[in-house]
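There are 2 protein chains.
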Amino acid sequence: MNIGILGAGMVGQTLAASLASLGHSVAVGTRNVSALMARTEPGPYGNPPYASWAREHPAVTTRTLAEAAAHGDIVFNVLAGGAALEGLRAAGAQNLAGKILVDVSNPLDFSKGFPPFLSVANTDSLGEQIQRAFPATKVVKALNTVNAMLMVDPRQLNGGDHSLFVCGNDEVARNEVVRLLGEWFGWSDVIELGDITNARGTEQLLPMWVRLYGRLQTPMFNFKIVR
Amino acid sequence: MNIGILGAGMVGQTLAASLASLGHSVAVGTRNVSALMARTEPGPYGNPPYASWAREHPAVTTRTLAEAAAHGDIVFNVLAGGAALEGLRAAGAQNLAGKILVDVSNPLDFSKGFPPFLSVANTDSLGEQIQRAFPATKVVKALNTVNAMLMVDPRQLNGGDHSLFVCGNDEVARNEVVRLLGEWFGWSDVIELGDITNARGTEQLLPMWVRLYGRLQTPMFNFKIVR
Numbered sequence: 000m001n002i003g004i005l006g007a008g009m010v011g012q013t014l015a016a017s018l019a020s021l022g023h024s025v026a027v028g029t030r031n032v033s034a035l036m037a038r039t040e041p042g043p044y045g046n047p048p049y050a051s052w053a054r055e056h057p058a059v060t061t062r063t064l065a066e067a068a069a070h071g072d073i074v075f076n077v078l079a080g081g082a083a084l085e086g087l088r089a090a091g092a093q094n095l096a097g098k099i100l101v102d103v104s105n106p107l108d109f110s111k112g113f114p115p116f117l118s119v120a121n122t123d124s125l126g127e128q129i130q131r132a133f134p135a136t137k138v139v140k141a142l143n144t145v146n147a148m149l150m151v152d153p154r155q156l157n158g159g160d161h162s163l164f165v166c167g168n169d170e171v172a173r174n175e176v177v178r179l180l181g182e183w184f185g186w187s188d189v190i191e192l193g194d195i196t197n198a199r200g201t202e203q204l205l206p207m208w209v210r211l212y213g214r215l216q217t218p219m220f221n222f223k224i225v226r
Numbered sequence: 000m001n002i003g004i005l006g007a008g009m010v011g012q013t014l015a016a017s018l019a020s021l022g023h024s025v026a027v028g029t030r031n032v033s034a035l036m037a038r039t040e041p042g043p044y045g046n047p048p049y050a051s052w053a054r055e056h057p058a059v060t061t062r063t064l065a066e067a068a069a070h071g072d073i074v075f076n077v078l079a080g081g082a083a084l085e086g087l088r089a090a091g092a093q094n095l096a097g098k099i100l101v102d103v104s105n106p107l108d109f110s111k112g113f114p115p116f117l118s119v120a121n122t123d124s125l126g127e128q129i130q131r132a133f134p135a136t137k138v139v140k141a142l143n144t145v146n147a148m149l150m151v152d153p154r155q156l157n158g159g160d161h162s163l164f165v166c167g168n169d170e171v172a173r174n175e176v177v178r179l180l181g182e183w184f185g186w187s188d189v190i191e192l193g194d195i196t197n198a199r200g201t202e203q204l205l206p207m208w209v210r211l212y213g214r215l216q217t218p219m220f221n222f223k224i225v226r
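From first to last, the protein sequence lines are chains A and B. Residue numbers for the first sequence follow numbering that gives the first Met the number 0, so the first one is 0 and each next one is one higher. Residue numbers for the second sequence follow numbering that gives the first Met the number 0, so the first one is 0 and each next one is one higher.
Quick caveat, the hints were computed from the structure, so don't treat them as lab data.
Note that the list lumps identical chains together, so a pair holds whenever it fits in one copy or between two copies.
Each computed SDA-like pair below joins lysine to any residue, with the alpha-carbon atoms no more than 25 Å apart: (1) Lys111 with Asp123; (2) Lys111 with Asn168; (3) Lys98 with Thr13; (4) Lys111 with Arg214; (5) Lys98 with Ser24; (6) Lys111 with Arg131; (7) Lys111 with Thr122; (8) Lys111 with Gly193; (9) Lys111 with Asp194; (10) Lys98 with Ala19; (11) Lys111 with Glu191; (12) Lys111 with Asn121; (13) Lys111 with Asn146; (14) Lys111 with Gln128; (15) Lys98 with Ala69.
Construct all of the structure, not just a fragment, from the sequences and the given hints.
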């Protein structure tokens, strides 16, 4: 499958490496390819600069946001929450039209320090904002409630016995994402919540997530819905 | 122990019955005792009117908010979120001073229908508002993320293998609440988050909780933090 990944940070790299290793044709999209490739300083988590990562993953191509979106039969939004709408506009509505956009982004605002607050919450959500801005795209919110390492390998934690949430207005698209999350990464407990307004629920898990991260001192945890 | 429970709804009744059955001296507080006792219509969940419940639980006394607060060595706030601050003012700061107030309330606003939104969220919380309004009281937010039946008997669900969260500014008070939740009700996985600003995290679980309730069609579920 051709897959476009909008965003070249840790989440984008982790998803791209995993999907490329499964044999998919993966394009990572970024605002300015040459600027990204020219960076020599380590990433925010001490990870190597993007160009080093790209050299180790030659099957993954690095392109503009518009090219990566056009490449994908399915597209992931892993842009930082505050940059997501602008980045998606740069990707281009025509390159996203008719496609599933898996929205992994969270509207975290770190401008007042840690823990961050949400730049949109409660009576709206980033997932809904994106769906409104791209009405011809099937936005499916998913994977935004777990660390990147768990996204692509949930069995690293407790044999995968924990939960993920999917929501979006298009039921067929939701079902397809649930199927792909199982097939690609091994997610076995994916709860389909319903339409994209449910993104208010999943994005508002983040204030709890960041506090638990502070408390547990590891991002290797997840919510399980015991029922 | 003398326990005051502010709020006579389903949560108050469930906590009062459980704590009285453990031998504690429990006073349920309500705005207007005679009005509550005179009610003959069933409760919002089809439960019997309060007076019927009270007759079946003769060990529990029904008093004004101020009397119930004065009675308690420890006090529970189980008032509806939108009525909590006013109810606590009626209970009286002097009757709550120096005591642990277990704040179970959630700022759910149903004025626009279901699912509700939060009347305070993201950059503040009801728990913080209550702590600011009653600085001499040790507010400990707890139990607000589960259904009343689970609050008092977590082992009804998956043998009790799911999580609860406690936060508050006073560490000794937090520890005491963790201890009591285990001793009284059998909670074994209680995560102490830290100060009362963590109520932003636990209250913002509610938008997810109400959506899961709609999806799962039962309130007998809970979050477990798998780690």
